[in-house]
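> Sequence:
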Amino acid sequence: MRYFYLIMVMAVCITSKAQFKKTYSGQYFITKANCAGAAETEGAKLYNETNIAFANQTIYLYKKNKCVDSIVTDKEGKFSKKLNHGKYAMFLPYKHYKTIPFGSTNDFKMECMEKEWLIPDAILKVSWKGTHRINYRIAIQFCEWQYNCLKNIRIPPSQN
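In terms of our numbering, the sequence shown has 22 at position 22, counting the first letter as 1, and numbering is strictly consecutive.
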């Protein structure tokens, strides 16, 4: 009889642990930067959201500087993931794998990139109230000259 109660207590603990997970779901669309080099006029947007899905992309989730999970978007940019409560740092693949976002290593200052790889692209907070995401770089298509750590910044001439 003692073992029966022990098994029941363990079952309750396991099921209650599952209830602490929250589903984080949504859809990403690519936001493009204005790379024309033209001076911004009053009211003009620096970034424009497009109808292009952030498709088939992996976003890595870190807790305490360790990769604990990942989110993969489908062909429409949609995703859904059950996550434990807590604060997650979100990283794009080039930071997770410690590579460069484009071009060759000759285009970047690698000492600077080592520091850049540690900066999250977004922060996700999951709690019983819901989820809250602060996005810095996920699904944003920057101009080549907007990336940090470039050796030569190639800003296009303005078109006044």
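In case anyone wonders, no lab produced these hints; they're calculated from the structure.
Note that CB positions come from ideal geometry on N, CA and C, so glycine has one too.
Do not rely on the hints blindly, as some may be mistaken.
Derived DEER-like restraints, expressed as beta-carbon distance ranges [claimed, not checked]: (1) V72 - N152: 30 to 36 Å; (2) V72 - G130: 36 to 42 Å; (3) T23 - E111: 36 to 42 Å; (4) E144 - H85: 37 to 43 Å; (5) V72 - K32: 30 to 36 Å; (6) N106 - C143: 16 to 22 Å.
> Range hint 30 to 36 Å: satisfied by the CB atoms of V72 and N152?
35 Å, holds
> Against the range 36 to 42 Å, how does the distance between the Cβ atoms of V72 and G130 compare: consistent or not?
22 Å, violated
> Does the Cβ-Cβ separation between T23 and E111 fall within 36 to 42 Å?
At 40 Å between Cβs, range holds.
> Against the range 37 to 43 Å, how does the distance between the Cβ atoms of E144 and H85 compare: consistent or not?
This hint holds: roughly 39 Å between Cβ atoms.
> Lying within 30 to 36 Å: is that true of the beta-carbon distance V72 to K32?
22 Å, violated
> If I claimed the Cβ atoms of N106 and C143 lie 16 to 22 Å apart, would that claim hold in this structure?
19 Å, holds
Checked against the numbered hints given earlier, the structure breaks hints 2 and 5 and satisfies all the rest.
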